Amino acid sequence: MKILIVEDERSLNNSMVEYLTSQGYLCESVLNYRDALQKIDLYDYDCIILDIMLPGGSGLDLLKELRTERKLDGVIIISAKNSLDDKLAGLKLGADDYLTKPFHLAELSMRISAIVRRKNSLAGNLVKFEEIIVDTDNSEVSINDKPVALTKTEYKFLLYFIINKNKVLTKNTLAEYLWGDNMDLVEDFDFMYAHIKNLRKKLQQAGCGDYLHSIYGTGYKFSYR
Amino acid sequence: MKLFAKYNRVNLTVTIIIFLVGSCVFYFLMQYIFIQQIDEALGNEKEEIITYARKYGKLPEIVNTEDQYIDYLNIPGPATPTFKNTYVQYARAKEWSRQVQFGMAVSNNTFTIVVSKPLEENESLLQVVVAITIGMIALILLAGYLINRAVLTRLWQPFYNTISFIRGYDIEEKAHPAFPKTDIDEFDLLNENIQEMTSRVQADFQSLKEFTGNAAHEMQTPLSVIRTRLELILQNEALLQKNADQVNDIENAVRKLSKLYQSLLLLTKIEHSQFPMADLVKIDEVMQEKLDEILDIISSKGLHLEFIQYQPVTVRFHAYLAEIVVGNLLNNAVRYNTTDGWIGISLKSGQLSISNTSELEEIKEENLFKRFFRDGNTTEDGNGLGLAIVKRICDAAGYRLEYSFKDGRHTFTLLF
Numbered sequence: 007m008k009i010l011i012v013e014d015e016r017s018l019n020n021s022m023v024e025y026l027t028s029q030g031y032l033c034e035s036v037l038n039y040r041d042a043l044q045k046i047d048l049y050d051y052d053c054i055i056l057d058i059m060l061p062g063g064s065g066l067d068l069l070k071e072l073r074t075e076r077k078l079d080g081v082i083i084i085s086a087k088n089s090l091d092d093k094l095a096g097l098k099l100g101a102d103d104y105l106t107k108p109f110h111l112a113e114l115s116m117r118i119s120a121i122v123r124r125k126n127s128l129a130g131n132l133v134k135f136e137e138i139i140v141d142t143d144n145s146e147v148s149i150n151d152k153p154v155a156l157t158k159t160e161y162k163f164l165l166y167f168i169i170n171k172n173k174v175l176t177k178n179t180l181a182e183y184l185w186g187d188n189m190d191l192v193e194d195f196d197f198m199y200a201h202i203k204n205l206r207k208k209l210q211q212a213g214c215g216d217y218l219h220s221i222y223g224t225g226y227k228f229s230y231r
Numbered sequence: 246m247k248l249f250a251k252y253n254r255v256n257l258t259v260t261i262i263i264f265l266v267g268s269c270v271f272y273f274l275m276q277y278i279f280i281q282q283i284d285e286a287l288g289n290e291k292e293e294i295i296t297y298a299r300k301y302g303k304l305p306e307i308v309n310t311e312d313q314y315i316d317y318l319n320i321p322g323p324a325t326p327t328f329k330n331t332y333v334q335y336a337r338a339k340e341w342s343r344q345v346q347f348g349m350a351v352s353n354n355t356f357t358i359v360v361s362k363p364l365e366e367n368e369s370l371l372q373v374v375v376a377i378t379i380g381m382i383a384l385i386l387l388a389g390y391l392i393n394r395a396v397l398t399r400l401w402q403p404f405y406n407t408i409s410f411i412r413g414y415d416i417e418e419k420a421h422p423a424f425p426k427t428d429i430d431e432f433d434l435l436n437e438n439i440q441e442m443t444s445r446v447q448a449d450f451q452s453l454k455e456f457t458g459n460a461a462h463e464m465q466t467p468l469s470v471i472r473t474r475l476e477l478i479l480q481n482e483a484l485l486q487k488n489a490d491q492v493n494d495i496e497n498a499v500r501k502l503s504k505l506y507q508s509l510l511l512l513t514k515i516e517h518s519q520f521p522m523a524d525l526v527k528i529d530e531v532m533q534e535k536l537d538e539i540l541d542i543i544s545s546k547g548l549h550l551e552f553i554q555y556q557p558v559t560v561r562f563h564a565y566l567a568e569i570v571v572g573n574l575l576n577n578a579v580r581y582n583t584t585d586g587w588i589g590i591s592l593k594s595g596q597l598s599i600s601n602t603s604e605l606e607e608i609k610e611e612n613l614f615k616r617f618f619r620d621g622n623t624t625e626d627g628n629g630l631g632l633a634i635v636k637r638i639c640d641a642a643g644y645r646l647e648y649s650f651k652d653g654r655h656t657f658t659l660l661f
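First to last, the sequence lines map onto chains A and B.
Residue numbering for the first sequence follows my numbering, starting at 7 and increasing by one per position.
Residue numbering for the second sequence follows my numbering, starting at 246 and increasing by one per position.
It is possible that part of the hints are untrue.
Stated by the list, open to error - With a Cα cut of at most 20 Å, we get these calculated DMTMM-like pairs of lysine to aspartate or glutamate: (1) A:K162 to B:D537; (2) A:K177 to B:D494; (3) B:K501 to A:D187; (4) B:K593 to B:E530; (5) A:K158 to A:D196; (6) B:K535 to B:E568; (7) A:K203 to B:D541; (8) A:K162 to B:D541; (9) B:K501 to A:D50; (10) A:K125 to A:D50; (11) B:K504 to A:D187; (12) A:K158 to B:D541; (13) A:K177 to B:E538; (14) A:K171 to A:E137; (15) B:K504 to A:E182.
Hints are computed from structural coordinates only; laboratory data are not their basis.
From a predicted model like this one, the values you see are computed outputs, not experimental measurements.
Pulled out of the complex, with its shape left as it was, chain B reads as follows (with noise of 0.2 Å):
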């Protein structure tokens, strides 16, 4: 619920409820006053009868109206006079009426005199005090929903702007938020804090980014020096001869390790955006190399290679990330293929699918580019960060890659 409808709510109700007491007590109150000035006219009416009954010794001539019926009944009545509501028959109709009863005694007889007057006029008193209130009621609701619809957007715009400022945050932008100023404090508070947030949160992702960047490339220096040591170790051959296991597995390590870091750093040049995608690159060209350096191991391997469709394709890129990119796409498919398996290259204008048979199910969507992911079922070498590398890559060039799984083959698609 928006806060102001739920702010509205309460209110509406609160204030029905106000105006519903009020006007109770105003019709009560109304009805009140209205009776008292009645009976002071009943009592003046009463006073004038009693004059001119002492004066004249009789009583005077009943001349009724639309608003006023008198009687005179022969029956003794009360010595005080009493007042009650009651219906009259008037010279037109019958009406609610107030009436004044009282006993007098007029030349040896003694009367009940009864004196009456409508009370139509409270009546419509009441419906007037009830239309208010309805009227009143409906305004406020009206009101209510007006001023939701055409003041508080406008008024809750700077408040929606934050919110979608943050909804498309990305935190590698290098922008700072600007905030237009708003006329309203608790917004311009709310667009500070944020400012303020963002502002540390850069500076905290930047000086990670760069960390990793330092820390791997300082790393490079003390590799060099534990692989050279390690190759001049080897010329030892008597030594060689009791550790050969253990010197492989130095070597091995120190070569992950490398490729590791080469490829963090890597990712960490993309993301400063330290390439210019301004060359012209021959996608066909590059694939035509690549797939050079690694026919050996295709074919040790026994795969078939399928041209599905292979034209020259020329796309904006930088050449160094078309190399990488192209390179892991195929060292994958080659490196998690079955024996005997399949390889299907289609190039074309503005896409570019490399598919692959593999042992490997179908990748869920949230592991495909994650850093340092690697299935379950894999017992292939790699950290986990080539594909992560191309999503990078693509990203930055603007080109988008699209994975599928059918019949057992994984396909990778640049639409470039």
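Pulled out of the complex, with its shape left as it was, chain A reads as follows (with noise of 0.2 Å):
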């Protein structure tokens, strides 16, 4: 899988090709417009992560360009703006998706699978993990080839542990990935633990290994150890 990423703050730039590159990414990363414009040109990748404000030129035109010379690599906007127009202008020029700054490395992870699993449709828009198989079509999930009922929030977190599999991710991470801003209304996180505690039983009660592990009091890895 191919990634470029194209961001003028290096050490942001640097965290996402890291973060990418554990997760089995091959990531090239530019700082400005003119470079990007001739990676652009010369190749295709299967996702593309664009900020908007360069040095030397706007990611929306880098866009326009991509879409005029019929590429089609998917492209993630990622932007200070948290401005309706711009992700309505981002969206129409042809990005897929759009995220705002400042963002999750693990939300970023979890976009690009999702356009990835979209271009190449060929594995059916299935996520794996060892016996665990998630549809993503049709949000179900089976072990060893058979369904397991989850609920939507269950469904939510095990698509987000397996695609950042691997990967600590605190409480902090998790509430915002469920609640968005309402994560402020959630006093504790005690009722988050409960949607897990029940995952992890539903997981184990279908034959499941016990995947799931709790780091520190700081939060969850999703990892076969």
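Fit the two chains together into the complex; they arrive one by one in their own frames, and the hints show the way.
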């Protein structure tokens, strides 16, 4: 899986490269408009992560260029502008998704995974981890080929865990993923733990290995270990 | 006291004093001249009597008229004529008069000759002078009043126009004030300076707003760096084990900061009227979506949700802003509620009410929509911008937002 990261802030760029590389993506990164244009002309990517405000030009122009050349690379716009107009303009020009800074790397990974699944629909939109298969088209989960009934929240957690496998996900990250801005309303994470506890129980009852690990009271990690 | 009333008071007092003094002087001057004249007439009469007596050796026959009285007294009189004022009986009536007495010898008899002329005309002169004085003072007062009413109200009109502009001035207005040219220098000077001042204030305000917007915007990238770097640090489990709490705190701080700047950015955008209110928004659907998002949280807090009324309502709004308004009001109702509390939602044509129980007291009106205001007793998270944003949006959309507190229940009502 080849990913191009276009972001002028070097350390943010590096963070994304580091995280996504460790998830098995092949990452290339550029810091400005000119280099990005060159890369886009020369190669095809599964997904391009595009900042809008770049030295030398706008990310939206790159997107236009990409679409006029009829390239089908998936594009995620990342922008500090939480402006609806930018978002709409980006999506209208053919971006697949839009993330507002500051975002979680886990969330970015989630969005990339969704786009990559859509682009390479050969796999039938399946996300796999050991004996777990998640069918993201129908929001169905099966373990050892037997369907498991999960609630909406449990399903969302499981998908998030699998896509960000081997990564420590903090309570904050998880809560924000689930409730977005509303997470401020949550006084404590007890009731989030309840969801996770139920998920773990259901997985174990279906004969699934114990992959969900609690990490020092800070968060969780989904891994084979 | 109005400027003119004050000016008028001084002006009138001085005028009346001048008139009174002037009238007195005028009266005495007139009287002096009059007495001079009458004395001259009496002197002429005296000369005539003396001339007659010398020529014929006897006094002339007395012919008393209405305005002259002559009497010969058979006693010695003063050598030089003496003048005095006294009452004298004339043919018809007794009158205040000017009198001259002088002694004279005729055919070896000494006589005192008395000639009197009435001062009646002098009295009528006094009356005229008093009447004129009173009349003038009355006229001045009347003129002052009429000028004040008719002319001054009109003269001061530009001033009152300027005042009413200042009273109604809203710094958010982008249009510069334009005052019509008056033909009075002072007013033009005032208007010019107000115009200059408002331009300057507007420019300052504008740059301040832009600064907030830009600062909020530029802040997001460094925040992204902090957040993503932190996520990478987290992956080092040995490090995490030692610093779990710190990492958590940093994460929370980043999230709060990011939220805060997003709120400020939103406020700036609303103030720049960057959101056209052109969408037809189904408030009931927005409410439903929002409730679906936080139903988990509501039930985890044991809150009882009651739909007092729930009718489909469509209003002209901005779709995104409508979500924020409904979301913020609902979030507050959840956030500041008590455990096992109550949330009441009433939605009907032209009106949306959200009520909730809370341990917090009634919010004071001056604090209600104040930015960053947080009740001293609250322990909940929040940046104190939620209601300020709702208020701003409602203002921009032209809808009214009302707050009431009754029986421990806070109610926010949005009138479309």
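Status of the hints after comparison with the structure:
The straight-line distance between the Cα atoms of K162 (chain A) and D537 (chain B) is roughly 15 Å, inside the 20 Å bound, and the hint therefore holds. For the hint linking K177 (chain A) to D494 (chain B), the alpha-carbon distance of about 12 Å falls within 20 Å, and the restraint holds. For the suggested pair K501 (chain B) and D187 (chain A), the alpha carbons sit about 10 Å apart, so the restraint of at most 20 Å is met. Distance restraint check for K593 (chain B) and E530 (chain B): the Cα-Cα separation of roughly 13 Å lies within the 20 Å cut-off, and the hinted pair is therefore satisfied.
Distance hint between K158 (chain A) and D196 (chain A) is fulfilled; the C-alpha atoms sit about 18 Å from each other, no more than 20 Å. At most 20 Å may separate the alpha-carbon atoms for a hinted pair to count; K535 (chain B) and E568 (chain B) meet this at roughly 8 Å. In summary, the hint linking K203 (chain A) to D541 (chain B) is supported, as the alpha carbons are separated by about 16 Å, within the 20 Å threshold. The suggested pairing of K162 (chain A) with D541 (chain B) holds, with an alpha-carbon distance near 14 Å, which does not exceed 20 Å.
For a cut-off of 20 Å, the pair hint linking K501 (chain B) to D50 (chain A) is broken: about 38 Å separates their Cα positions. Restraint check for K125 (chain A) and D50 (chain A): satisfied, since their Cα atoms lie roughly 13 Å apart, inside the 20 Å limit. Restraint check for K504 (chain B) and D187 (chain A): the C-alpha separation of about 8 Å stays at or below 20 Å, so the hint holds. This hinted pair checks out: K158 (chain A) and D541 (chain B) have alpha carbons roughly 11 Å apart, not beyond 20 Å.
Restraint check for K177 (chain A) and E538 (chain B): the C-alpha separation of about 18 Å stays at or below 20 Å, so the hint holds. Taking the CA atoms of K171 (chain A) and E137 (chain A), the gap is near 14 Å; set against the 20 Å cutoff, the hint holds. Taken as a hint, the K504 (chain B) and E182 (chain A) pair is honoured in the structure, with Cα atoms around 12 Å apart against an allowance of 20 Å.
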